[in-house]
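Visitor: Below, each chain spelled out in residue letters.
Number of protein chains: 2
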Amino acid sequence: MKCVFLIFFINLLPLYAGKSLTRDGSYPRTFEDIKNEIAGYSDIAKAIINLAVHGKAQNRSYERLAVFADTIGPRLSGMKNLDAAIKYMFSALREDGLENVHLEPVKVPHWERGEEFAMMLEPRNHSIAILGLGSSVGTRPEGITAEVIVVVSFDELHKRAQEAKGKIVVYNKPFISYGETVRYRSQGAVEAAKVGAVASLIRSIASFSIQSPHTGWQNYQPGVPRIPTACISVEDAEMMSRMSLRGIKIIVHMKMGAKTYPDAPSFNTVAEIVGSKYPEQIVLVSGHLDSWDVGQGAMDDGGGAFISWEALSLIKDLGLRPKRTLRLVLWTGEEQGGIGAEQYYQLHKENISNFDIVMESDEGTFQPSGLGFTGNAKAREIVKEIMTLLQPINVTDVYDDADGTDIDFWMRDGVPGASLRDDLSKYFWFHHSQGDTMTVQDPNQMNLCAAVWTVVSYVIADMEEMLPR
Amino acid sequence: MKCVFLIFFINLLPLYAGKSLTRDGSYPRTFEDIKNEIAGYSDIAKAIINLAVHGKAQNRSYERLAVFADTIGPRLSGMKNLDAAIKYMFSALREDGLENVHLEPVKVPHWERGEEFAMMLEPRNHSIAILGLGSSVGTRPEGITAEVIVVVSFDELHKRAQEAKGKIVVYNKPFISYGETVRYRSQGAVEAAKVGAVASLIRSIASFSIQSPHTGWQNYQPGVPRIPTACISVEDAEMMSRMSLRGIKIIVHMKMGAKTYPDAPSFNTVAEIVGSKYPEQIVLVSGHLDSWDVGQGAMDDGGGAFISWEALSLIKDLGLRPKRTLRLVLWTGEEQGGIGAEQYYQLHKENISNFDIVMESDEGTFQPSGLGFTGNAKAREIVKEIMTLLQPINVTDVYDDADGTDIDFWMRDGVPGASLRDDLSKYFWFHHSQGDTMTVQDPNQMNLCAAVWTVVSYVIADMEEMLPR
Chain A
0 MKCVFLIFFI
10 NLLPLYAGKS
20 LTRDGSYPRT
30 FEDIKNEIAG
40 YSDIAKAIIN
50 LAVHGKAQNR
60 SYERLAVFAD
70 TIGPRLSGMK
80 NLDAAIKYMF
90 SALREDGLEN
100 VHLEPVKVPH
110 WERGEEFAMM
120 LEPRNHSIAI
130 LGLGSSVGTR
140 PEGITAEVIV
150 VVSFDELHKR
160 AQEAKGKIVV
170 YNKPFISYGE
180 TVRYRSQGAV
190 EAAKVGAVAS
200 LIRSIASFSI
210 QSPHTGWQNY
220 QPGVPRIPTA
230 CISVEDAEMM
240 SRMSLRGIKI
250 IVHMKMGAKT
260 YPDAPSFNTV
270 AEIVGSKYPE
280 QIVLVSGHLD
290 SWDVGQGAMD
300 DGGGAFISWE
310 ALSLIKDLGL
320 RPKRTLRLVL
330 WTGEEQGGIG
340 AEQYYQLHKE
350 NISNFDIVME
360 SDEGTFQPSG
370 LGFTGNAKAR
380 EIVKEIMTLL
390 QPINVTDVYD
400 DADGTDIDFW
410 MRDGVPGASL
420 RDDLSKYFWF
430 HHSQGDTMTV
440 QDPNQMNLCA
450 AVWTVVSYVI
460 ADMEEMLPR
Chain B
0 MKCVFLIFFI
10 NLLPLYAGKS
20 LTRDGSYPRT
30 FEDIKNEIAG
40 YSDIAKAIIN
50 LAVHGKAQNR
60 SYERLAVFAD
70 TIGPRLSGMK
80 NLDAAIKYMF
90 SALREDGLEN
100 VHLEPVKVPH
110 WERGEEFAMM
120 LEPRNHSIAI
130 LGLGSSVGTR
140 PEGITAEVIV
150 VVSFDELHKR
160 AQEAKGKIVV
170 YNKPFISYGE
180 TVRYRSQGAV
190 EAAKVGAVAS
200 LIRSIASFSI
210 QSPHTGWQNY
220 QPGVPRIPTA
230 CISVEDAEMM
240 SRMSLRGIKI
250 IVHMKMGAKT
260 YPDAPSFNTV
270 AEIVGSKYPE
280 QIVLVSGHLD
290 SWDVGQGAMD
300 DGGGAFISWE
310 ALSLIKDLGL
320 RPKRTLRLVL
330 WTGEEQGGIG
340 AEQYYQLHKE
350 NISNFDIVME
360 SDEGTFQPSG
370 LGFTGNAKAR
380 EIVKEIMTLL
390 QPINVTDVYD
400 DADGTDIDFW
410 MRDGVPGASL
420 RDDLSKYFWF
430 HHSQGDTMTV
440 QDPNQMNLCA
450 AVWTVVSYVI
460 ADMEEMLPR
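Taken in order, these protein sequences are the chains called A and B. Residue numbers for the first sequence follow numbering that gives the first Met the number 0, beginning at 0 and rising by one. Residue numbers for the second sequence follow numbering that gives the first Met the number 0, beginning at 0 and rising by one.
Excised from the complex, chain A in its bound form (with noise of 0.2 Å):
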């Protein structure tokens, strides 16, 4: 031990050579200081990629996510589903060897879809696939059968306003981003209720389907009467789409059993290794463990949520311990607007300058390319000498921007973040639809992405100095 802290601390004395000490007696480190620090990881990053991507650990994010996707299925905030999710990660967690695995609890919205179908009755029977919005009210036991208006914008709506009156809307917007589009999914039954319509269905925001409706969280306004909304098919959008411009007739009949039941309990999940020189310290890596109530939740956000646990698992199996502590948090309630993360925030936000860095990844574990990063222009530089560490898998970009429901609350308040970027080509071909399974996950894309979340995370929780913000 002795020789061995003597070589570093010969191997220091180039670095420090000249230098005016500042008044706590350090001296004040340059960038090209801190670039020498993360190039020291060198060994260390190859070390973590060797055993995600090639060694022990290989596929092993994969095999678990299979493994809970398979046993749990989907896991919607508020059902019996998401609280055995909860519990088998607290076994897992524990089991894994991590530290202070614990649950926080939350309030989480409890919404479910109940039965629904949908038929077009006119001009020809056809059985329309619908998957209910969450938060949606549910129809009147008989359901509702009404003439439809089919628009292509909240513009056309407006214009046509009149003709709306007693109608089922449907929009037809073609998908542009799902940034762009999914407005027509929140704020649908808004504007169509505000015109007076009975009912929304809404063209899913989905990129490529097969006949597959995709759901998500949608938004009621006070003092605007709250109506049925639904998502149907790309398919079927534009088939009455084409229908209505031919000026046929279509009436649809449609029965949604859906119910808000009042907040139901939840938890976020928690594992940690510990720091071992600033354990107040905090570098927060997450994915969220709730899903939609379709497919099986393995993309989102299984992928996310395995990913972080991996990092836990495979900083901990190479007998590593940073300097601050590397905190995992499974959010819940992140599908109904990021409850669970929100109510993590306000617990801990008296804590904020003791995080140095929130990552959440939830856009995929699909071929990583890199970081979206938010944060001041030193932490960024700082960060992209990082990811020149994962040099060896060819995954080195930093992007403009983290994304993450559930670690906005940080961000805001100047917690610099990270998200994991990927290959997004076909992630909203199954966001939120049946499609969302275990199919899509591809073991090696999962190893990439969890040497890159490990590497990151592992060496901004071990650097002497916090990320400046």
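Everything labelled a hint here was simulated from the structure, so no lab data went into it. Take these hints with a grain of salt, some might be off.
With a straight-line cut-off of 30 Å between C-alpha atoms, the simulated BS3-like cross-links for lysine-lysine are [unchecked claim]:
{"#": "1", "chain 1": "B", "residue 1": "LYS79", "chain 2": "A", "residue 2": "LYS254"}
{"#": "2", "chain 1": "A", "residue 1": "LYS86", "chain 2": "B", "residue 2": "LYS55"}
{"#": "3", "chain 1": "A", "residue 1": "LYS34", "chain 2": "A", "residue 2": "LYS254"}
{"#": "4", "chain 1": "B", "residue 1": "LYS254", "chain 2": "A", "residue 2": "LYS79"}
{"#": "5", "chain 1": "B", "residue 1": "LYS55", "chain 2": "A", "residue 2": "LYS254"}
{"#": "6", "chain 1": "A", "residue 1": "LYS248", "chain 2": "B", "residue 2": "LYS172"}
{"#": "7", "chain 1": "A", "residue 1": "LYS106", "chain 2": "A", "residue 2": "LYS377"}
{"#": "8", "chain 1": "A", "residue 1": "LYS55", "chain 2": "B", "residue 2": "LYS248"}
{"#": "9", "chain 1": "A", "residue 1": "LYS79", "chain 2": "B", "residue 2": "LYS248"}
{"#": "10", "chain 1": "A", "residue 1": "LYS315", "chain 2": "A", "residue 2": "LYS45"}
{"#": "11", "chain 1": "B", "residue 1": "LYS55", "chain 2": "B", "residue 2": "LYS164"}
{"#": "12", "chain 1": "A", "residue 1": "LYS425", "chain 2": "B", "residue 2": "LYS172"}
{"#": "13", "chain 1": "A", "residue 1": "LYS258", "chain 2": "A", "residue 2": "LYS86"}
{"#": "14", "chain 1": "A", "residue 1": "LYS248", "chain 2": "B", "residue 2": "LYS276"}
{"#": "15", "chain 1": "B", "residue 1": "LYS258", "chain 2": "B", "residue 2": "LYS55"}
{"#": "16", "chain 1": "B", "residue 1": "LYS425", "chain 2": "A", "residue 2": "LYS254"}
{"#": "17", "chain 1": "B", "residue 1": "LYS86", "chain 2": "B", "residue 2": "LYS172"}
{"#": "18", "chain 1": "A", "residue 1": "LYS425", "chain 2": "B", "residue 2": "LYS425"}
{"#": "19", "chain 1": "A", "residue 1": "LYS55", "chain 2": "B", "residue 2": "LYS276"}
{"#": "20", "chain 1": "A", "residue 1": "LYS164", "chain 2": "A", "residue 2": "LYS55"}
{"#": "21", "chain 1": "B", "residue 1": "LYS172", "chain 2": "B", "residue 2": "LYS254"}
{"#": "22", "chain 1": "B", "residue 1": "LYS276", "chain 2": "B", "residue 2": "LYS254"}
{"#": "23", "chain 1": "B", "residue 1": "LYS276", "chain 2": "B", "residue 2": "LYS34"}
{"#": "24", "chain 1": "B", "residue 1": "LYS248", "chain 2": "A", "residue 2": "LYS248"}
{"#": "25", "chain 1": "A", "residue 1": "LYS315", "chain 2": "A", "residue 2": "LYS276"}
{"#": "26", "chain 1": "A", "residue 1": "LYS258", "chain 2": "B", "residue 2": "LYS315"}
{"#": "27", "chain 1": "B", "residue 1": "LYS276", "chain 2": "B", "residue 2": "LYS315"}
{"#": "28", "chain 1": "B", "residue 1": "LYS45", "chain 2": "B", "residue 2": "LYS55"}
Starting from the known structure of chain A, fit chain B onto it as the hints suggest.
Guide: Then chain B, alone, in the frame of chain A:
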């Protein structure tokens, strides 16, 4: 007219200069003569392409198909929708001004799926999307509840025959090619029944899935018990396979109301442009009008049927009348194994020497690449030469072997055959599934397909000699 004739005659002079007469007084034609004859169609080919791709007929086959598919929906043999489709086309072809529009009665199988569902009960409740396979028996009214055995191949089933008794066999055979993998759909029930299974569930014959089952015909064997059989999604097959490999007991409950009724009356739909010089000689262009009972049958085979109609429309619109009769046949009962086409063959085979070529488009109308051709070497050379006329749209390839259930009967007896070749990369994503709708069709691709189909059929119908066989 005289003047034109004179110019034509003068043009022919160099062609026949110095050649000896054959017995019937004409000159024997060299391949050079035929090449010249084909080159003479260059302007007509350009006119067809121009009308189909850029002119007044642009998008017509797509738009006609959209109205048809939206109005009629899916149209399985034996069901009222198919009758409606045939009536619709009979009227549409007459209104289009085609000649000899008529229906030729045939008998087709009549199978209906009725209500059906499947639910995994163990290890957890999970709704399994199924589509019963055509000709399957139903379950008894209370359904079947049995343990599952998952196999990846017939070989594995035979090795584990003892285990299969009393169980539901799940085949999880990954898609290799339709030709290679479809036997699991067509023979899966028989092989399962032979080892005492009570039902079979077959991973859909699909190269991509969004939790979408794909139906299709299957065959029982005399002396082998008839057990209910359905297809399931790739995702559910993979999940049950993973569970099974983990040693987990799977129990599935399934109910199928499938029933076979007596053969039903149906019709092949026929229209013509009668030949000007050899009206008894036939160039047959075709697609099938029946479809599966899911989606809209827009791809299989709406596209093929409607570009075949389009060929006659384009020729009529250009004021052309080929020497031979151009006959459009819209087959019925294709999905049950070319039932309508076989009866057509039996009825017309005495006239086989007058069938110049039989053409069918039944493998999509996506971006075309050329023509599959079955015929002798000399005929192939002629067809290759004809395809050079499609240089303006760069669709000139001639592939070995035409494909088409409905034209096989003729090709086996030596009649040359042609099928449209196009980009099949997504064909089996939609094939026989709810995803076979107008959404998969592209108007421009259909224009190109129609242009290919029209040029080839017109030129063959108008050349002085029939294709050699």
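Visitor: State for each hint whether it applies.
Guide: Checked hints:
A distance of roughly 27 Å separates the Cα atoms of B:LYS79 and A:LYS254; the hinted pair therefore holds under the 30 Å criterion. Only pairs whose Cα atoms come within 30 Å are accepted, and A:LYS86 paired with B:LYS55 is rejected, the gap being roughly 65 Å. Only pairs whose Cα atoms come within 30 Å are accepted, and A:LYS34 paired with A:LYS254 is rejected, the gap being roughly 61 Å. Between B:LYS254 and A:LYS79 the CA atoms are separated by roughly 27 Å; this keeps the pair inside 30 Å, and the hint holds.
Pair hint B:LYS55 plus A:LYS254 does not hold up; C-alpha atoms about 44 Å apart against a cutoff of 30 Å. Among the hinted pairs, A:LYS248 with B:LYS172 is inconsistent with the structure: their alpha-carbon atoms are about 45 Å apart, more than 30 Å. Pair hint A:LYS106 plus A:LYS377 does not hold up; C-alpha atoms about 38 Å apart against a cutoff of 30 Å. Our distance criterion of 30 Å between C-alpha atoms is met by A:LYS55 and B:LYS248, whose separation comes to about 29 Å.
This hinted pair checks out: A:LYS79 and B:LYS248 have alpha carbons roughly 22 Å apart, not beyond 30 Å. Between A:LYS315 and A:LYS45, the direct Cα distance comes to roughly 15 Å. Compliance with the 30 Å bound is thereby established for this hinted pair. Simply put, B:LYS55 and B:LYS164 have alpha-carbon atoms about 63 Å apart, too far for the 30 Å limit, and the pair is violated. Simply put, A:LYS425 and B:LYS172 have alpha-carbon atoms about 24 Å apart, close enough for the 30 Å limit, and the pair holds.
For the suggested pair A:LYS258 and A:LYS86, the alpha carbons sit about 26 Å apart, so the restraint of at most 30 Å is met. Pair hint A:LYS248 plus B:LYS276 does not hold up; C-alpha atoms about 48 Å apart against a cutoff of 30 Å. Restraint check for B:LYS258 and B:LYS55: not satisfied, since their Cα atoms lie roughly 47 Å apart, outside the 30 Å limit. Pair hint B:LYS425 plus A:LYS254 does not hold up; C-alpha atoms about 34 Å apart against a cutoff of 30 Å.
In summary, the hint linking B:LYS86 to B:LYS172 is not supported, as the alpha carbons are separated by about 40 Å, beyond the 30 Å threshold. A distance of roughly 14 Å separates the Cα atoms of A:LYS425 and B:LYS425; the hinted pair therefore holds under the 30 Å criterion. Proposed proximity of A:LYS55 and B:LYS276 is contradicted: the alpha carbons are some 78 Å apart, above 30 Å. Between A:LYS164 and A:LYS55, the direct Cα distance comes to roughly 63 Å. Violation of the 30 Å bound is thereby established for this hinted pair.
With a CA separation close to 23 Å, the supplied pair B:LYS172 and B:LYS254 stays within the 30 Å bound. The straight-line distance between the Cα atoms of B:LYS276 and B:LYS254 is roughly 59 Å, outside the 30 Å bound, and the hint therefore fails. As the CA atoms of B:LYS276 and B:LYS34 are separated by approximately 21 Å, the hinted pair is consistent with the 30 Å bound. Proposed proximity of B:LYS248 and A:LYS248 is contradicted: the alpha carbons are some 51 Å apart, above 30 Å.
Under the criterion of a C-alpha separation no larger than 30 Å, the hint pairing A:LYS315 with A:LYS276 is consistent with the structure, at around 16 Å. For the suggested pair A:LYS258 and B:LYS315, the alpha carbons sit about 59 Å apart, so the restraint of at most 30 Å is broken. A threshold of 30 Å between alpha carbons decides the hint, and for B:LYS276 with B:LYS315 the separation of about 16 Å falls inside it, so the pair holds. Between B:LYS45 and B:LYS55 the CA atoms are separated by roughly 14 Å; this keeps the pair inside 30 Å, and the hint holds.
Checked against the numbered hints given earlier, the structure breaks hints 2, 3, 5, 6, 7, 11, 14, 15, 16, 17, 19, 20, 22, 24 and 26 and satisfies all the rest.
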